[in-house]
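Trainee: Numbering (this note's numbering), first residue to last: 162 to 285.
A few of these clues could be false.
Distance condition first, Cα-Cα at most 30 angstroms in a straight line; then the derived DSSO-like pairs of lysine-lysine [claimed, not checked]:
id	residue 1	residue 2
1	Lys-254	Lys-173
2	Lys-266	Lys-173
3	Lys-266	Lys-254
Derived by calculation from the structure, the hints in this document are not laboratory data.
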Amino acid sequence: MPLPRWLARFNKRVVNPREIRRGVRPILTHVGRSSGRTYQTPLDAHPLPDGYLFVPLYGPRTDWVRNVLAAGTARLSVGGEQVQLDGPRLVRKQEVWSLLPAGTKAPPGISDESELLRMNVRPG
Numbered sequence: 162m163p164l165p166r167w168l169a170r171f172n173k174r175v176v177n178p179r180e181i182r183r184g185v186r187p188i189l190t191h192v193g194r195s196s197g198r199t200y201q202t203p204l205d206a207h208p209l210p211d212g213y214l215f216v217p218l219y220g221p222r223t224d225w226v227r228n229v230l231a232a233g234t235a236r237l238s239v240g241g242e243q244v245q246l247d248g249p250r251l252v253r254k255q256e257v258w259s260l261l262p263a264g265t266k267a268p269p270g271i272s273d274e275s276e277l278l279r280m281n282v283r284p285g
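Taking the hints into account, I'd like the entire structure generated from these sequences.
Mentor: What follows is the structure, encoded as structure tokens:
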């Protein structure tokens, strides 16, 4: 079960700006589906052989997930590098979790049926 929406709003306005300033976590840069505005969202980015896996803690209908799906692309800043991503798609945890290093723990509320966002690294 996803975390409550009130917590998402709090994180979006208070916690996320602090995390971006700290520069410790990976940052996903994406474009708003309606506004065209550029947004930055700090996330855990799990590397896969062909891309990255993101866990939407507030469910797959959260703004950043919907923005990435609509745009079809995003940029990830991780470890001081910029990685272009494309091919976003929702996948069930049970389909992809085995691709992560053994012992990777799922956040609370994430079940095998939870939808996660998978993206490919853009060649080039």
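Trainee: Would you list, in rising numerical order, the hints stated earlier that this structure does not obey?
Mentor: none
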